[in-house]
Amino acid sequence: MAALTCPTPSTRRETIVLGHGSGGKLSAELVRDIFLPAFGNAVLSKLNDQAIVNVNDSRIAVTTDSFVVKPLFFPGGNIGSLAVHGTVNDLAVGGAQPLFLSAGFIIEEGLSIEILRKVVASMQEAARSAGVQIVTGDTKVVEKGKGDGVFINTTGIGLVPNGLQLSAELAQPGDKVLLSGPIGDHGIAILGQREGLEFESAIASDSAPLHTLVAQILSVTAGIRCMRDPTRGGLSSALNEIAAQSHVGIELDEVCIPVRDEVKGACEMLGLDPLYVANEGKLVAVVDPSAAQAALAAMRSHSQGSEAQIVGTVLSSNPGMVTMRTQLGTIRIVDMLAGDQLPRIC
Amino acid sequence: MKYLDEYRDGKIARTLAVEIAAVAKRRWVLMEICGGQTHTIMRYGLDELLPSNVELVHGPGCPVCVTPLETIDKAIALALRHDVILVSYGDMLRVPGSNSDLFYVKAQGGDVRIAYSPVEALKIARANPDRRVVFLAIGFETTAPANAMAAYQAKREDLANFSMLVSHVLVPPAICTLLSSPHNLVQGFIAPGHVCTVMGYQEYGDIVRDFNVPIVVGGFEPVDLLEAILMLVRQLENGDRRVENQYVRSVTYQGNSAAQQILKDVFEITDQKWRGIGTIPRSGLRLREEYAAYDADRIFNLELITADEPAECISAQVLQGLKKPTDCAAFSIRCTPENPLGAPMVSAEGACAAYYHYRRRAIAS
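Sequence order for the protein chains is D and U. Note that the first sequence covers residues 855 to 1200 in the numbering used here. Note that the second sequence covers residues 67 to 431 in the numbering used here.
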């Protein structure tokens, strides 16, 4: 019998495609093949949402994020509030108290000043309510057609209390996975707005700062191993990263994962899986099993965690892999996507 | 959520699985035609619930997977033209053509846009009168009526800058081809519920009679599929050979006559190449002569572009239910969704991608 073969691979992988920015496997490949070999050091190689560096006796958390959202305004927020929340959250999930932000603007020629004013006002309000100051910034203008109105980069600095160690490589078999609330709101709100889809009830982004929720959890237990805010790539990418970094398996329980009916309906219509849809105000925590109930209670007592659930367990089997017990009781893989989720034909 | 939760109920599903096990005395091989059904089977692990003597093999009903290589090459050639905006359903963009895919063409500056419906392509055409807008019109009888409607609408508006690159395929001729193969293993079919929502199930009576196989029209949720499997196994065990309809909440015998009419008005039946399978007589649709002005193949002279599949591709056997994706030596090693070697690894509905995403290797308990 002839050897089993498939058509020869034909696609060159020497060009950046949009999928490289999706937070999935293509993004991870860029980090692994391009950035880490060039920049690699002990801090960076932890691949956490923030770097924690020691300066004298202080533990300083640093993170940076760029925001290229389209449309600029969406139900539940805009690019300005998102740029503050995203960076505040990347600091918060490392256990840091967020303190200072930078704001870099890349503005497309032709943007109305009124829009910029609105974006900046909402950044100011978001920073005020998150208790951070925007202390430095930069402005660049690019030609018409070279940007989507405005791109914003924010860098954040925070302080981590001594003794607190949260890191994606610390998950251990037996740990519980906690999720602060329903997933998929942000991604569906953006998609709905971008595609002009009209849902029966408005789906708003969950964009919000998470540092007070984090502080509340940390105040009741020392049993937190790591935390993530599952942004692009969704819950699946965040957990796949933790599973890979900690060399453990993670098993989710489908019936425990909260998804709003509106989001579920939109995902059904669009052929998307909410596990891969972005969130901007949700927290995932991997917690020592003996601390899980206390952490859950702490989450639920906070307004941003009232719908929190224990959604999964860390296993020693299938290291690096996320699986899910489906609502039928069977087990399936929850893979990291290559690039963006693609709308299905039918 | 209504119309979903009751069809994903674990208790009902397990009860059905127990009933299937009780009814199935002998070994039966069943095929679900549609990629959406394959996706549900793998996503919910339905095959794990079935007794070992009831085996599911996966059919050719993934529209992305069976779109011929040369159609992808034609789409790429169009997208590379500066005067063209190519509009496509999302999951076509990653399908490898002979030398590239639409994502890379887009990255190189090709104007490729993702749409949920051909209506969006019409809107783009109206908004860009100086550009030529081509919609990549692929799929089964499910997407064909909406695509027919787009051509009809374009003609009515005299929208001169709109055209369609058509590669439509039909389900019943594919079933006949599978059943005519000397290698056929399939003893019963789950027909695709959405295709039958359009076409009804009047076309299947002849197949049941000619080939002596039962066909059950099935839906897409776990309980739908388990019910359809139970109906098939009952028929097989009782020696019945009939067309039955499990998906009664959507499908009627006659189907949607308005949709069928627009199909007849705009398209005509033609011989069609299926990726991985080859040419099946009278298994596709092409635009009628009256719509020649909207046929990208004709107006861009694309008919000259042809491409041949490698002769020994296991995707052909996967698409005919003769092999499972895991039988392929390249599966999950050289062939992954990031680097798909064949089309069934590209679309979420492709059998190889469904296995890869949900069942890559044995999951330790």
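Rather than coming from a laboratory, the hints here were simulated on the basis of the structure. Since this is a predicted model, take the numbers as computed values, not measurements. Beta carbons: idealized from backbone N, C-alpha and C, even for Gly. Treat each hint with caution, since some may be false.
To be verified - Output of the computed footprint for chain D on chain U, the stretches with three or more beta carbons under 8 Å from beta carbons of chain D:
hint: 1; segment: 111-117
hint: 2; segment: 418-424
To be verified - Have a look at the derived ranges for each label pair, beta carbon to beta carbon:
hint: 3; chain 1: U; residue 1: 88; chain 2: D; residue 2: 922; range: 52 to 62 Å
hint: 4; chain 1: D; residue 1: 990; chain 2: U; residue 2: 113; range: 18 to 28 Å
hint: 5; chain 1: U; residue 1: 197; chain 2: D; residue 2: 1018; range: 28 to 38 Å
hint: 6; chain 1: D; residue 1: 1122; chain 2: U; residue 2: 219; range: 55 to 65 Å
Consistency of the hints with the structure:
1. Against chain D, the segment 111-117 of chain U contributes 4 residues with a C-beta closer than 8 Å to a partner C-beta. That satisfies the three-residue criterion, and the hint holds.
2. Chain D is given as covering the segment 418-424 of chain U, and this holds because 3 residues of the stretch bring a CB closer than 8 Å to a CB of that chain, at least three being needed.
3. For the pair residue 88 of chain U and residue 922 of chain D, the beta carbons lie near 57 Å from each other, so the given range of 52 to 62 Å is met.
4. In this structure the supplied range 18 to 28 Å is violated for residue 990 of chain D paired with residue 113 of chain U, their Cβ-Cβ distance being about 58 Å.
5. In this structure the supplied range 28 to 38 Å is violated for residue 197 of chain U paired with residue 1018 of chain D, their Cβ-Cβ distance being about 57 Å.
6. For residue 1122 of chain D paired with residue 219 of chain U, a C-beta distance near 27 Å fails the hint of 55 to 65 Å.
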